[in-house]
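Could you build the full structure based on these sequences and the hints that come with them?
Each chain is listed here by its residues.
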Amino acid sequence: MVSISLYGCQKYLDVVPDNIATMDDAYKDRVSAQRALATCYNQIPRNGTRYDPGFAAGDDLWIHQFIDGGAQERWRQYYRELAINGNNVTRPLYSYWHNIEGGSSLWKAIRDCNTFIANVHKARDLDSYEREKWIAEVKTLKAYYHFYLMQLYGPIPIARENIPATAPSEELMVYREPIDEVVAYIVQLLDEAIPNLDLEVDNTVSDAGRITKPVAAAIKAKVLVTAASPFFNGNQDYATMIDKRGIALFNTVEDPNKWTLAAEAAQEAIDIAHEAGIRLYHHQTTFNVSNETLGVIQVGQIIADKFNEERIWSLSDFNSSSPNLQDLGLELRTIPRLHSDHQNIVYQWFIPTLKMAELFYSKNGVPIEEDVDYAYDDRMTLTFVPQDQEVYMQPGYRTIGLHLDREPRFYGSLGVDGGWWFGLGRTDENAQWPLNLRAKSMTGGMIGNQRYSTTGYYIKKLSNYRSAYTGKDAYVGMRFDFPLFRLADLYLLHAEALNESLSSPDANVYHYIDLIRQRAGLSGVVDSWTQHSRFPQKPTTKEGMRDIIHQERNIELAFEGQRFWDLRRWKKSIQYMNQPVRGWNIAGETPPEFYQVITHNRSQYTLRDILWPIMQDEMLRNTNLLQNPGW
Amino acid sequence: MLPLKKATFILAYLRTLLNILVLLGVSTLLPAQQTEHLVRGQILNEKKEPIQGATVTVQGSTRGVLADEQGRYEIMVDKEVQLVFSYVGYTTQVIPISGRTEINVAMSPVTDAIDEVTVVAFGEQKKESVVGAITTVRPSELKVPSSNLTTALAGRVAGLIAFQQSGEPGADNADFFIRGVTSFGYSNRPLILVDGVEVPASELARLQVDDLASFSIMKDATATSLYGARGANGVILITTKEGREGKASISLRYETSASQPTRNIELADPITYMNLANESSLTRGRTRQYQWEKIERTMAGEDPMIYPATDWQSLLLKDRTFNNRLNLNVNGGGKVARYYVAATYNKDNGMLKVDNRNNFNNGIDLKTYGLRSNVNINLTKTTEAIVRLNSTWTDYTGPLGTGADFYRQIIRTDPVLFPAYYEPDAKNLTTEHILFGNAGAGEYLNPYANLMRGYRDYTNAMFLAQFEVKQDLDFILPGLKASGMYNTTRYNYYQVSRTYTPFYYILSAYDKKTGEYILNNLNPTTAHEYLTYTEDSKQITSEDYFQGILSYNTAIGTDHSVSGMLVYNMQNKISANAGSLQNSLARRNLGLAGRFTYAFQDKYFLEGNFGYNGSERFAKEHRFGFFPSVGGAWYVSREPFWKGNIQRIISNLKLRGTYGLVGNDAIGSLEDRFFYLSEINPNVSAAGYTFGSEFGNRINGVTEGRLENRDITWETSRKLNLSAEIGLFNMANLVVDLYKEHRYNILMTRAHTPNTMGVAVLPQANVGEAESKGIDISLEANKNFANGWFVSGRGNFTYAEGKYIKYEEPDYSAFPWRSRVGIPLGQQFGFVAERLFIDDEEAYNSPPQFGEVLGGDIKYKDIDQDGVITNLDMVPIGYPTIPRMTYGFGFSLGYKGVDFSSFFQGSAKSSFWIDAAETAPFVSLATGQKNQLLQAYVDDHWSEDNRNLKALWPRLNDIASTNNTRVSTWFMRNGSFLRVKQVELGYTFNETLTQRIGIEKIRMYINGTNLYNFSKFKLWDVEMGGNGLGYPLQQVYNFGIQCSL
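Chains as they are written, first to last, in the working numbering: chain A, 1 to 631; chain B, 1 to 1045.
Derived from the structure by calculation, the hints contain no laboratory data. The C-beta atom is built at its ideal place from N, Cα and C for all residues, glycine as well. There could be a bad hint or two in this list.
Computed list of lysine to aspartate or glutamate pairs in DMTMM-like fashion (alpha-carbon distance at most 20 Å, straight line) [stated by the list, open to error]:
1. B:806 <-> A:192
2. A:122 <-> A:24
3. B:470 <-> B:195
4. B:294 <-> B:516
5. A:11 <-> B:621
6. A:11 <-> B:616
Among the chain B residues that face chain A by a calculated CB cut under 8 Å, a handful are [what the hints assert, rightly or not]:
7. 507
8. 682
9. 749
10. 752
And the structure:
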């Protein structure tokens, strides 16, 4: 009797129907499991947006002071806050550890990956081949997320498997692992993944953006190059990072063999990429333009021609032309206002610094300060654009030497005062948008208090010339995916690793770098330096070649979210980030007024600023964590 | 009924015996006196029934007689003595003879009458046998001139902490907590039961005092454990009146009142506003905001269309408003059926103005209606059926947004930027719409336009239908009874808004000489004069409740009485628009509860209770909880040794104590149900990813909400209560309750989960513990004088203090001041503000604080001495915002037809914080806003000329200061106050006169509420605490008339 009534009671309280969604439903069948897979992809840090410090927080960009939304999340510019105030421990900016202030929690991303790996076998109609492939994709992502955290924070805990939420607190209090172990674990994951991945996606229209064998191989090469680089290889600056257990988290003795391993991995990745049909991109156009103009627009098209043959991996989720207010697409955040009709749709969030204008080579393919034919000392002097440079600059326009006689990538990457802007609705080479950036100029100059560049430069490279302004406040974008890896990057990693692993550069070192130069319309390294540089022997020494590779890398990959990380691993961050932020006096209406260098204030950059702080709150939650030095 | 009757009879007998004994005992002690004057009379009780056995003694002597069956007495005395009339359970009266030969006496019972029954969980008990802590108040004490019952609670009920923070009609519910707050879990609110059925606080607010038969609060374990999983926060138990046999008796009450804010916020005048705005910019190194010309011309009072100086307060707000209340009830019946029928109508108007250029009413107009019908039917001699039907409904018309919104908007609007509306310029002479003022591109806040641009209606209705059957089972076993009750509660709510989009104008040009101006319409394409329509939220819920009770009550011999009761109940609640699958599922409770009592010689009482409850929220293993309690009472004053002087002083003494468990299943928010299930959403676009070269293959992702935890269960409370009921001088009654409560299994987020775990939602577990203790005291005294005067006084006092015992938090061992363990519940953390910085140099040389810090900004103490002010420098500051102490006291006195009463209410041991961000002058909290300047800040702020380091407001700033707006001791204020809550003067017309025209009784009265407040805090009514910029509390002057036919 009692048991019957108790049963009745239980039943009365059993209000939950059987089919309510639980975790098992996420892995019931292939369709569900695929959603779980997409969840793992969901959290890839978004290169090409203000949320990625690699893209936004380096010394290559500056930010319009008007776009300083204060507390209002909608317009918050974390990179401006970081540049002006530096980071902090109470609410760290760009915290990919804690999911705050522009960051997102990569630990959650890793947890999702682990959940996927542990549960995907439950999907009843997922065949083993596809399952293994998906697991390999997720392992690659998991490796990538660990790598991203390692780049930001240095030594990190390794999340091999998920810890149950109900575990006792001692188990939750994980330790940070030494760099070498973190690297070994990431490489191990990638090695497990590579054999099970496809060389190419089956179907580009549905699967572009998925992880393939070349992606995993490229990440592996990048991880090993990073691990071999001076910041992570024998860095004495962090010798004090010894945790509670007495374990040193940084290796303090350089291991040159790491470069050999990195070079091998890069070669392997290149071979796999070639096998998959990935090759350097060359732009074809139906418009009737000169080769020079083609060379200029090609620089942008390497990025903006979606899913082109040079892509190894890209953010297929990226919306370059999004009309979304919070995150207006990248194009509308970089291109200039060229007409009063554009007044209400563009905001210049990402603005190149003067430093970047100086970075590019002369037309002879060597640094401007080395070029024997380039009037380096007069580069800041006013001059008129000669007629013979009309494809790059407006003839007769009064500008400075710095803007003349530069390599095509200069004109393709930057919008400069006195230059042209091909496309955006004007596709006649002889009727391009002229760029006049002095104050009160409607084509890119300062009018009012917003929608202009604060340095006098624009990024031309990150927009598609086939996008168009179509009328009053109207714009139609050619959407593209943002590259995370492209073949040129891999070539440059290879050149760098090989050069470091050899006592002096050989032809293999020059090979890939020359392919990139050739595409950019320049001669090979040896020829260029021999003929034009004040240091013709530079390419023949390891150190000289190192400089050349670094600069080539900075030029080729400018504004692609690489420089920030490269400077860190080269241990050049402190030097570069402390250089003054320079730009032109955009309030100037005449050339002499305009071409005055204005310095913008940025907070001092010290050793502590390189590795991100772990939030104070996390340190209190997990007393086994060691804070990064200086925080 | 039989055993109860028997017991009553025995008691009556004992009482008579007691009186005789007393009389004999004292009369033998003193010598006899001369007697020559015969006095006779009749002694009647309040129902005009004779009191047999009442004693009449001569004051100061031992001589006395007892009244006979008709309550008559005769006594021979001296002419000038005073007679003392007394009877146990009634207030003793002393009356001088003054030569009279006949003295008739009407005795009134003392509240703690011995045979009084009191409402307890699922029934009634004789008051003397109650061992639990129950405070009962006469409903009439809760009568205030308000249509919201909750506003009357503060200070009236021992054990209830209450405070009110808004005076807005329809949104003016007071917050109340039984014995304060003992949990930091989701809910601290008491369970409210009307006629045994759970109702929300909003329904309590709508109850009419005239309809209530009893109002009690249950505080300790014995009183509440029958409610098992729902009783831990205490229970408010209310019963409504039932019909009485007899001819129909009609009672009518009408009140009309004038209502005005107790205190308005004082804002600076426009000229001061501009001058200080300039100061705020200049002192921070920015350029002045207002040019001299504008200030001077505004000061000169030039055309307000060109030089606006808008007093938004007087433009939007009325000085006072008038409200009406009407309540009518009829009761009566015959042998078969009895009825109580009541109807109520209340009309409350808000303080917002209405512009007659609109043809709709956008002022606050709240009408509430109620209809109640309680019918008792004697189906058979042993069966009674009761049908209770009750419905309350509300019709509201008001502006878009709440009244409080407008009070806030006024504070956030620039007074000199534009006028509320423009008088038409030449071009707009025939324009039909109001030319609302604005600036910029029309994005500025214009509260006047917002008030005028439309209105919203809402209605809600709650309907309760209840059917109860009571059956005497004496034919099976004498003393056995059964009853069953079913109730259904239906609630609906909907809201409709009608709006137009105001046309905004800006002054585009004006002629300085002629004063002519040209207006420019800012939003010609988007504005429109016609109304658009929005359907807002709708709520429909339905709730069913069933309870079955079996009880047994008997006496064994003359010394022992025992009783037992079992209750089965089930409750089912569903909502039509729950928002999610999990929330759409029924909310259910199921329980079995029991009570067992034993009494020996009516001196010793023992009681055991239990509740065994189930809730659908928990996993099967934890679905049911068992909550037992025990208690005992000792009627000390009934012991033989209790006599002589001690009895004369302490006429009555009862000690009681209880201990037990009570649960709380309201853990986690209403939406957060089924803790034993993980909550995932397997198909979410935002969690997915787009693949494909044409960006066309969006694969949705999975989001994980809650993690599964099968172990989550009740919050449980272990309560100990000790108390004494003390009768003093047969005139006053004092009840003191001491209690201690330990609350455990409080659900909390596992705060120490590091981010490296990667969980999207932090897991929760029953890990928190809290403790509270306190004291409730109530005192009541009554005295009638022979000359017709009567005086009564009452007071009560509640003190409750809680603290965290176990609280999961990060490891604060290095920063012990950050830990919550051992500190008061609801403790606020903040920075210790030392003073203002003397000058910029001092500010630069001090530990870095937040953002730009200059002289005159608040200097915080570097608690951890690490040379920088961070969150680790926050310490516990002040008292919690919920007061620890609430008290009230009052008196009534009367003479013949006139009565006068007053009531004071106070609160102490609470802190609140002036919201520095909300009150920061000149700061814009959102686009188009600019804060007003409080006059108090004008009078007392740091400036470069007046470097007052203790100034109320720090150095002015035209943009939000991240430093000065931190929670700190700087803006902390003491929430204590004592207010004159109510004063009432009434007059009852001579009954013999009124009865001639067929009116039984007619009373007229005037009263006032919230008449004066004693507090140091002057910016706004201190009771509003941190909510001071909202809708102010109201001061009410009221006239009422009550008559019975």
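Each hint, compared with the structure:
1. B:806 <-> A:192: violated, 46 Å
2. A:122 <-> A:24: holds, 8 Å
3. B:470 <-> B:195: holds, 14 Å
4. B:294 <-> B:516: Distance ~17 Å between residue 294 (chain B) and residue 516 (chain B) Cα, so the pair holds.
5. A:11 <-> B:621: This hinted pair holds, its Cα atoms lying about 13 Å apart.
6. A:11 <-> B:616: holds, 10 Å
7. 507: violated, 21 Å
8. 682: holds, 5 Å
9. 749: violated, 11 Å
10. 752: Since the shortest Cβ distance to chain A is 5 Å, the answer is holds.
The structure fails hints 1, 7, 9 (numbered hints given earlier, in ascending order).
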